[in-house]
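Heads up: the sequence lines are chains G and Y, in that order.
Residue numbers for the first sequence follow the working numbering, beginning at 5 and rising by one.
Residue numbers for the second sequence follow the working numbering, beginning at 5 and rising by one.
Since the hints were made in silico from the structure, they are not lab data.
From the three backbone atoms N, C-alpha and C, an ideal C-beta is built for every residue, glycine too.
Keep in mind that the hints are not guaranteed to be accurate.
Dumping the calculated DSSO-like pairs for lysine-lysine here, alpha-carbon to alpha-carbon at most 27 angstroms [said to hold, decoys possible]:
hint	chain 1	residue 1	chain 2	residue 2
1	G	K106	Y	K650
2	Y	K651	Y	K535
3	G	K266	Y	K650
4	Y	K363	Y	K519
5	G	K363	Y	K266
6	Y	K266	G	K650
7	G	K106	Y	K651
8	G	K650	G	K535
9	Y	K106	Y	K519
10	G	K363	G	K650
11	G	K535	G	K651
12	G	K665	G	K651
13	Y	K357	Y	K651
14	G	K650	Y	K106
15	Y	K363	G	K266
16	Y	K363	Y	K650
17	Y	K651	Y	K665
18	Y	K106	G	K651
19	Y	K650	Y	K535
20	Y	K535	Y	K363
Far from chain G, some chain Y residues (derived; all Cβ distances over 10 angstroms) [claimed, not checked]:
hint	residue
21	P65
22	Q264
23	G273
24	Q307
25	R313
26	V342
27	A344
28	L354
29	S397
30	S541
31	P542
32	P660
Chain Y is nowhere near these chain G residues, computed Cβ spacing over 12 angstroms in every case [to be verified]:
hint	residue
33	L230
34	A314
35	S325
36	E330
37	R341
2 protein chains.
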Amino acid sequence: MPSELTPALRTQIENTIRGLTIDAVEAAGIGHLGAPLALARPVFRLWDRTLRFDPTDPAWPLRDRFVLSAGHASMLLYSLLHLFGFALPLDEIRRFRQLHSKTPGHPEHGETPGVEVTTGPLGQGFGHAVGMALAGRVARARFGREGAGPGHHKVYVVASDGDLMEGLSYESASLAGHWQLDNLIVLWDDNHVTIDGPTAWTFSEDVPARFRAQGWHVASIDGEDLAAFDHALAEARAAARPALIAMRTTIGHGSPWAGQSKVHGGPFGEEVARATKQALGIPLEPSFLVPEEVRAYCAERAQGKRSERAAADAALAAWRSAHPEEAAYWDAARTRRVPADFVERLVEGLEGKTDATRKHSGTAIGRIAAAAPSLLIGGSADLAGSNNTTIASGGAIGQGEDPFAGANVHFGVREHAMAAITNGMALDGTFLPFAGTFLVFSDYMRPSLRMAALMRARSTFVFTHDSIFVGEDGPTHQPIEQLDALRAIPGLTVIRPADAVEAALAWAWIALHAKGPVALALSRQPVPALKREAPFSPELFWRGAYVVRDSRGEPDAALLASGSEVSLACAAAELLSSDGIAARVLSVPSLEWLAAQPAAVADELLPPGLPRVAVEAGRGESWRGLVGREGLVYGIDRFGASAPWKKLAEHFGFTPEALAKRVREQLRG
Amino acid sequence: MPSELTPALRTQIENTIRGLTIDAVEAAGIGHLGAPLALARPVFRLWDRTLRFDPTDPAWPLRDRFVLSAGHASMLLYSLLHLFGFALPLDEIRRFRQLHSKTPGHPEHGETPGVEVTTGPLGQGFGHAVGMALAGRVARARFGREGAGPGHHKVYVVASDGDLMEGLSYESASLAGHWQLDNLIVLWDDNHVTIDGPTAWTFSEDVPARFRAQGWHVASIDGEDLAAFDHALAEARAAARPALIAMRTTIGHGSPWAGQSKVHGGPFGEEVARATKQALGIPLEPSFLVPEEVRAYCAERAQGKRSERAAADAALAAWRSAHPEEAAYWDAARTRRVPADFVERLVEGLEGKTDATRKHSGTAIGRIAAAAPSLLIGGSADLAGSNNTTIASGGAIGQGEDPFAGANVHFGVREHAMAAITNGMALDGTFLPFAGTFLVFSDYMRPSLRMAALMRARSTFVFTHDSIFVGEDGPTHQPIEQLDALRAIPGLTVIRPADAVEAALAWAWIALHAKGPVALALSRQPVPALKREAPFSPELFWRGAYVVRDSRGEPDAALLASGSEVSLACAAAELLSSDGIAARVLSVPSLEWLAAQPAAVADELLPPGLPRVAVEAGRGESWRGLVGREGLVYGIDRFGASAPWKKLAEHFGFTPEALAKRVREQLRG
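If we strip away everything but chain G, and leave its shape as in the complex, we get (with noise of 0.2 angstroms):
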């Protein structure tokens, strides 16, 4: 153990995360103030005496990870990454809410050493540390069974009234709770305001009842007694589900507005800021103070934090040595290790195979799970059956004598939970995990797709039911503007496969290259095989088009396409020949990889000056930036209907005859 922490010493670590907060806010001249004075003492206790890290590698797989799911609260987790020895500098703190810092308003990962998420949308730190829960313990026992070897941190979070209002923290707790994630341990902060106002405004709720109801360990103290947060904590990690430790504390700690709302969000202004820090015995200058003793001892805790961590890796050691098999499978997973015929193994015999691609998705999981076993974990809200998302060869989560030795997981009615749940365990690093649904319910999971891009989270959305083909089941269900809308998020990568070949090279694209998050979009409905005339290759596919039926001679036209409607458009090519019309078609399976592209390539594929007409059952913009105000979108900018598909198809005009007699309307002009 360090140097003894008495209580003065304390207390100035706990004023000095303080002191920063309230200079690095009034320097910003706006940013938020009351939670991380009134955290500053509980989550320091924690990180100083329990939480597991190595300041130096921030990505150690073992470590504890500590998610701020109140992301507002962003001084409180930057006061203690620089106190305990990461990468962020006191300039950094200095630089507060400024362009290009490493200390952006709310937490971002990928941007500052030490932060596991990116928080802020409020619910979401708290599904994402489901998911990473979830991921340690799936890791512990396809691993790390005897009690060595990976999967053994915990997953602690800390959650604000907002996280809790938020449906997101309930289906994710109700998940939680299900599972039994003994892993995961949530500090509430337990204030009493909100933004507009007390709590009592919005939220009556009983949250200990709440949280028991769906099946946690509940502790509920107050968040200025290290005694009772000691022991509650202690419970808490010992209990075999996860634990909520309720803390009511006061929001603004200190200050003159403390437990009022307006102390939620700042600056103070100098006055109070002066009586803030004159209150709690901080010096008035300098401002940004750190003092000697409260360094020495942060640093002396981060070096035995790394004393900590060698004996763990020793551990590791040994754990290799003794389970070399497991070990190979960690690693093979964690590196996305594939054999070398992966691609082949994926995309062999499909040729001229006509399915729904959904099916054939499903097809592509099951080799990706036969060729890389343990890399891959996923599931469903509640339609893995439509969504073809079941890997065979595992077993479910939450069934059997270990019910996280499966690799299946029944998500429930929870998109949302899902969505966030996936960017949790892509977050963990250690699988390939992904989530299934209809494309239209994609709207359920919005808040969580945008998280996954902004992290570039390596989580992948199996969206079936992709169109108006859904059919009977009528508009609710049925995706119109989903594609666009999905397209419209930077940095997430659609696509929509046409026939198996392109589903397999689909997944194997997420499995080899995505570097990001993947949105799958697959048809309810078969689709014929696509009869490739052109030259063919995995690379051509992952440009983001190509040609799948050439013109004879010059083209007319091209026709571009994605998923179920390029087997259309092959169709109507087809009719139009006949009249005379050489039209060149294109599967377009992903606008992203196609954007991506230098301009000569769209240009060898689409000259110039060629008109276009793009052809998607759906809304169909997203297209326009190809096709141009004088090229054709043809879409649909309704909601579809409840009938059967092939009646669907020739009331919105997805049949080759009404698309062939547009597009020699629009050549005629």
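Could you slot chain Y onto chain G? The hints should help.
For chain Y alone, coordinates are given in the frame of chain G:
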């Protein structure tokens, strides 16, 4: 009371519902059987004994509302509507799930008489019902305090396990419990089964404890035990809180598949259909059988319901006489009556006012509340001060002597429930509801935004902080893709006003002309008042685009912009004019308004061939249809950053100089 309902007749009616369901799903070849078979008994009991309605006038304002949140059980609802004499003939039941039938796969409000809410996406009916119940209570408080008048009806909901797993239902239930909505009763179809398997795979909450923790009255009964049902319903109706009746049911009641997941969806196929009918004692022929005695009983009950309505109408007439002022207010709200000089009042004195458009929106809300008392109700998801959504002249719901006398709703940090509740209030038909949050958090609301568009609900969504100019809060709080994603929703009108006058006119259009949902996008940062050179009128504004600043002589380019970028475009045009480039600047407050204009309007504003530049601090791809491939979308194709907004303007090129430079390059080609 009508003819005696013997147990035998009652069973026959329940089985008629079941038989219609089996036959309809069999005829369609697809549909949901399990829940209608399970729920026929208690839900028929509710309709028979308790539910207040008039089948000949589904819009009767004093009716009870029945919300089938488990929308997949649509045949339950269609059967009841048919039996009780709504305008839904048996032929429509025969055409279940066929094109242009009144019996789509999931119930659609506006398509079928008696369908209160479109349902199917789980959780939505629950959330919308809370909004309906809130509107009822507010109507009671505003108009019907003394036991007579409007607002004394109840809202009944049938919810499935899936409904209760969705975050939306937790959020909505939390508010219902907080508000103590005594007019809301939820019947939970506790059938232990979801699509993927037993609920035990994913859902192990103590649901009664959960609802009690949220302040609800809870009863648990056997769904087949009508004495228990009657007792529980009486208690629920008498409770001073929202009530949940957990009804243990058997999915697919009476069929060989009863209690199994596979009975959720159908069809049965001939053999199982026959076995089920035989087990239930339903004659095998004819199909779609409604026995005479069943028809007679239901017709008599329908007549009874109409008599009850007549009595209620007489009481309402007495209330009108006794409370002429309240009655006049009630009528004024429901008919959206406003003073003749409404538009003038809204825009008065605003020319030249410089401020954030969110503040101008707040001014408009205040002026509408003054001009048309009792029309508005709304609030924010814990950002009332930032969203400028507070009606200064109205109290707060949940506070004061009568907790429903206010006009301001504190939704807490529950964006999704806020949207659903707002739609529910719109569907109630009494008020013009609105809901505010940051634009980026529209992502949390999308499933309910879509519901609003599907139903043409007159909900207004006030989305402030509508660009990267949120500033220091950083990319998690800065919308990029949201404007495009909202514009992609069919039937949603997105309006992004550029200054005080435009904000007022946007609100005027909402009050006077909107036929469906509207999303307002409003700036956090102050924007200069536009100096409109060209002719201007509300009508020109409502066309979706107008010339703010024309070029002298023939224009060389058109700059199209919305919101805070209109003044930027004007400033850039000024710089360009000193270079001899004549730019016409158009304010384009709404692409949907413009798209609804005859082509001649767009051609007049934007002569064909004139180079076009669209300026918007967002993704901007929704402008492609206007500017074409050759034109320029001057937008932002990546996530934002944390910095003061003026720094971000420089960093992302949203300064007059940077824009003018890029336009010059563009014109040079």
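Now for the hints, and whether the structure bears them out:
Distance restraint check for K106(G) and K650(Y): the Cα-Cα separation of roughly 19 angstroms lies within the 27 angstroms cut-off, and the hinted pair is therefore satisfied. For a cut-off of 27 angstroms, the pair hint linking K651(Y) to K535(Y) stands: about 26 angstroms separates their Cα positions. For the hint pairing K266(G) with K650(Y), the CA-to-CA distance comes to about 25 angstroms; that is within 27 angstroms, so the pair holds. With a C-alpha separation of about 25 angstroms, the suggested pairing of K363(Y) with K519(Y) holds against the 27 angstroms cut-off.
Pair hint K363(G) plus K266(Y) holds up; C-alpha atoms about 20 angstroms apart against a cutoff of 27 angstroms. Pair hint K266(Y) plus K650(G) holds up; C-alpha atoms about 25 angstroms apart against a cutoff of 27 angstroms. Between K106(G) and K651(Y), the direct Cα distance comes to roughly 16 angstroms. Compliance with the 27 angstroms bound is thereby established for this hinted pair. Distance check on the hinted pair: K650(G) and K535(G) sit about 22 angstroms apart at the alpha-carbon level, within 27 angstroms; holds.
Distance hint between K106(Y) and K519(Y) is fulfilled; the C-alpha atoms sit about 22 angstroms from each other, no more than 27 angstroms. A distance of roughly 19 angstroms separates the Cα atoms of K363(G) and K650(G); the hinted pair therefore holds under the 27 angstroms criterion. Distance check on the hinted pair: K535(G) and K651(G) sit about 26 angstroms apart at the alpha-carbon level, within 27 angstroms; holds. Proximity of K665(G) to K651(G) is assessed by CA-CA distance (about 18 angstroms); at most 27 angstroms being required, the pair is judged to hold.
The suggested pairing of K357(Y) with K651(Y) holds, with an alpha-carbon distance near 24 angstroms, which does not exceed 27 angstroms. In summary, the hint linking K650(G) to K106(Y) is supported, as the alpha carbons are separated by about 19 angstroms, within the 27 angstroms threshold. Distance hint between K363(Y) and K266(G) is fulfilled; the C-alpha atoms sit about 20 angstroms from each other, no more than 27 angstroms. Of the pairs offered as hints, the one joining K363(Y) and K650(Y) holds, with about 19 angstroms between alpha carbons and a cut-off of 27 angstroms not exceeded.
Straight-line distance between C-alpha atoms of K651(Y) and K665(Y) comes to about 18 angstroms, which keeps the hinted pair within the 27 angstroms bound. Annotation: proposed proximity of K106(Y) to K651(G) holds, straight-line Cα distance about 16 angstroms (limit 27 angstroms). For a cut-off of 27 angstroms, the pair hint linking K650(Y) to K535(Y) stands: about 22 angstroms separates their Cα positions. Taking the CA atoms of K535(Y) and K363(Y), the gap is about 19 angstroms. The hint holds against a cut of 27 angstroms.
The beta carbon of P65(Y) sits about 26 angstroms from the closest Cβ of chain G, which is more than 10 angstroms, so the claim that it is off the interface holds. Every CB of chain G is more than 10 angstroms from the CB of Q264(Y) (nearest about 14 angstroms), matching its label as outside the interface. Its beta-carbon lying about 17 angstroms from the closest one in chain G, G273(Y) satisfies the requirement of being farther than 10 angstroms from that chain. Non-interface call for Q307(Y) relative to chain G: holds, since the shortest CB-CB distance, roughly 32 angstroms, exceeds 10 angstroms.
Non-interface call for R313(Y) relative to chain G: holds, since the shortest CB-CB distance, roughly 31 angstroms, exceeds 10 angstroms. V342(Y), annotated as away from the interface, keeps every beta carbon of chain G farther than 10 angstroms; the closest lies near 29 angstroms. No Cβ of chain G approaches the Cβ of A344(Y) within 10 angstroms, the least distance being about 35 angstroms, so the stated non-interface status holds. The beta carbon of L354(Y) sits about 27 angstroms from the closest Cβ of chain G, which is more than 10 angstroms, so the claim that it is off the interface holds.
Listed as a non-interface residue, S397(Y) keeps its Cβ farther than 10 angstroms from every Cβ of chain G; the least gap is roughly 18 angstroms. With 10 angstroms as the threshold on Cβ separation, the claim that S541(Y) sits away from chain G holds: the shortest Cβ distance comes to roughly 28 angstroms. Every CB of chain G is more than 10 angstroms from the CB of P542(Y) (nearest about 27 angstroms), matching its label as outside the interface. With a minimum CB-CB distance of about 20 angstroms to chain G, P660(Y) clears the 10 angstroms threshold, and the non-interface call stands.
With a closest Cβ-Cβ approach of about 29 angstroms to chain Y, L230(G) is found to remain outside the 12 angstroms limit, as its non-interface label requires. With a least beta-carbon separation of about 36 angstroms from chain Y, A314(G) lies farther than 12 angstroms from that chain, consistent with its non-interface assignment. Distance to chain Y confirms S325(G) as a non-interface residue, since its nearest Cβ pair spans about 38 angstroms, more than 12 angstroms. E330(G), annotated as away from the interface, keeps every beta carbon of chain Y farther than 12 angstroms; the closest lies near 27 angstroms.
With a least CB separation of 31 angstroms from chain Y, R341(G) remains clear of the 12 angstroms interface cut-off, as annotated.
Figure legend: structure checked against the earlier numbered hints; every hint is met.
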